[in-house]
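Protein chains in written order, with our numbering: chain G, 345 to 577; chain W, 230 to 540.
Don't take every hint at face value.
[Stated by the list, open to error] Here are the computed distance ranges between Cβ atoms for each label pair:
id, chain 1, residue 1, chain 2, residue 2, range
1, G, L482, W, N268, 46 to 52 Å
2, W, F356, G, I454, 33 to 39 Å
3, G, N536, W, A392, 52 to 58 Å
4, G, G464, W, R349, 55 to 61 Å
5, G, R577, W, G403, 29 to 35 Å
6, G, R422, W, G403, 25 to 31 Å
7, G, S433, W, I399, 36 to 42 Å
8, G, V386, W, S364, 57 to 63 Å
9, G, D531, W, N268, 52 to 58 Å
10, W, S407, G, R577, 44 to 50 Å
11, G, G457, W, A344, 30 to 36 Å
12, G, R576, W, S364, 32 to 38 Å
13, G, R422, W, A491, 20 to 26 Å
14, W, G403, G, S362, 44 to 50 Å
[To be verified] To spell it out: a stretch of chain G is covered by chain W in this simulated footprint if at least three of its residues, at any positions, have a beta carbon under 8 Å from a beta carbon of chain W; those stretches are:
id, stretch
15, 412-425
16, 428-439
[To be verified] Covered stretches of chain W (in silico footprint by chain G; criterion: 3 or more residues with CB under 8 Å from a CB of chain G, positions within the stretch not fixed):
id, stretch
17, 280-294
18, 307-320
19, 501-515
Worth flagging that the hints you see were computed from the coordinates, not collected in a lab.
By construction, the Cβ of each residue, glycine as well, lies at the ideal position given by its N, Cα and C atoms.
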Amino acid sequence: MRTFAALLLKEERAIFTSPIAYVVLSVFLVIMGYTFTLTLFVSHVPTLVHLFFQIYVLFLLTIPIITMRLIAEERRLRTIEILFTAPVSEPAVVFAKYLASLSLVVLMLISSGAYAITLGLLGQPDWGPIYSGYLGLLLLSAALVAVGLLASSLVSNQVIAALLSLSLFLLLWIIDHLGWMLPDPFDALVVNLSLLVHFTPFATGSIFFSDAGFFISVALLALFFSVRAIARR
Amino acid sequence: MADSVVVDGLVKRYGRRAVVRGVSFAIEKGEIVGLLGPNGSGKSTILRILGGYLPPTAGAVSISGIDVASNTLTARRHIGYVAEDAPLYDGMRVGEFLHFMAAIKGVPAAPGAVAEATQRLDLGAVFGTPIGKLSRGYRQRVAIAQALLNDPPLLILDEPTNALDAYQVIAVRGLIRSLFGRRTVLVASHVLTEIERVASRVMILVDGQLLTTDAMRETSTARHVRVRVGGPRPTILDALQQLPGILGVVPADAEGYLVEVAPERPMAADLAQAIVARGFPLLELAEVKPDLERVFLDLIRRATVTDAKAA
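Turn these sequences into a full structure, and let the hints guide you.
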């Protein structure tokens, strides 16, 4: 437990002493603030649905930047050799990196809570879709960070890791459009791989176990393969 | 004395390419053993397998009786590992890094261990400095300090004096020597003089194969005797060359000769007897300590000849 705490602390420090974290956080808040203000003043409807879809897109674009260095940099600088000649296991290293990256994304979500509070102060929003939207974003980010981590564990170049995860995210974003063109039963299979298909119910106030299960499964599978990728030296 | 490290039939392949080919050796507790070989001979791969970083393709490696492949985490607790070129976390400060390493190694009294390693490697002046701003010498010292934190019975050092200046090389050499008898040390280098100066035993690795596990006692290599014999130099030279078991004679200083003796021959006594029996006054006779460079080149030459014959 002490080993894991040390690994987690090291990763948290690495993330929060890096300018990338603050650039990503700032860009995120500026864009969210603009969207929130514009939507509220144009529509006069106390809802965060537009905001949730905007966060969804921003996560697809920013999470590869957050996760790209996680393991690729350790490989490139060969610091991975220090880690794995010390008595630490691959799952502990992967999970510490995962939780640390996820904590930055959660901080972004918490920061966006300011818009929900503003909405509550200015009007009478329906809190159900807001709670479900945040739950959906949390599950989505859990899956995206894990996939980003997997991409970083496969290569030793950060830029390639970022491009790899970004490509994968974009593919999973639009894959439902391709799925509709396929014959039965492949259409359902491919459509169900879509991130948007599973996120939309959360953003609009519906919670299904199947959607939550999808994100959790993706996260667990990606973490499992990340451990395998690191172990294959 | 019990063996601290036992390597048996170690093989490492990357695809079809064999990097380590059937390497076996043992290291006793407290020995400082040098692993000498040209760049790309497989030294780092062997060290990484010993450190639990790489899995072997075949063969067995045990450290303090613990099998490294099946019990990797436990085995890693018994080693201190310094990788080639000292890869470290540049963004961390020295103290922060040492505390981190102590924590992940599960060192029970971490602050004490960090303080001791800091003092021993003389890192007090840079304790709060980011590692990325350190000189190569300091980086190497930080790398050695982290390796010593858990007081490991086995210390593995991969090219520890690489790219250090002369002063730093002397300091690192002194540190390694100070560990003799207290810790088992395996140090790899391609620099022959470095290995010769720190190791009590030298293993030579070429092209993934171990040519000898003790180069200095390599009995199949010709040995040398320095003799001083009275008399005219041409006559003595001629007479010495005709003695049985003599491979060559080179004139040295006044009345001195360097005699190369066949490996299977007994040396000092027989040679002295033969010189005296021929009526020459023997003024001095001393066995010359085997020269590692000569042994190294001789082993490589023989390995090349054997390979050529096999081909």
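Verification of the supplied hints:
| no. | hint | result |
| --- | --- | --- |
| 1 | G/L482 - W/N268: 46 to 52 Å | holds (51 Å) |
| 2 | W/F356 - G/I454: 33 to 39 Å | holds (36 Å) |
| 3 | G/N536 - W/A392: 52 to 58 Å | holds (55 Å) |
| 4 | G/G464 - W/R349: 55 to 61 Å | holds (60 Å) |
| 5 | G/R577 - W/G403: 29 to 35 Å | holds (34 Å) |
| 6 | G/R422 - W/G403: 25 to 31 Å | holds (27 Å) |
| 7 | G/S433 - W/I399: 36 to 42 Å | holds (39 Å) |
| 8 | G/V386 - W/S364: 57 to 63 Å | holds (60 Å) |
| 9 | G/D531 - W/N268: 52 to 58 Å | holds (57 Å) |
| 10 | W/S407 - G/R577: 44 to 50 Å | violated (33 Å) |
| 11 | G/G457 - W/A344: 30 to 36 Å | violated (44 Å) |
| 12 | G/R576 - W/S364: 32 to 38 Å | holds (35 Å) |
| 13 | G/R422 - W/A491: 20 to 26 Å | violated (47 Å) |
| 14 | W/G403 - G/S362: 44 to 50 Å | violated (39 Å) |
| 15 | 412-425 | holds (count 4) |
| 16 | 428-439 | holds (count 6) |
| 17 | 280-294 | holds (count 5) |
| 18 | 307-320 | holds (count 9) |
| 19 | 501-515 | violated (count 0) |
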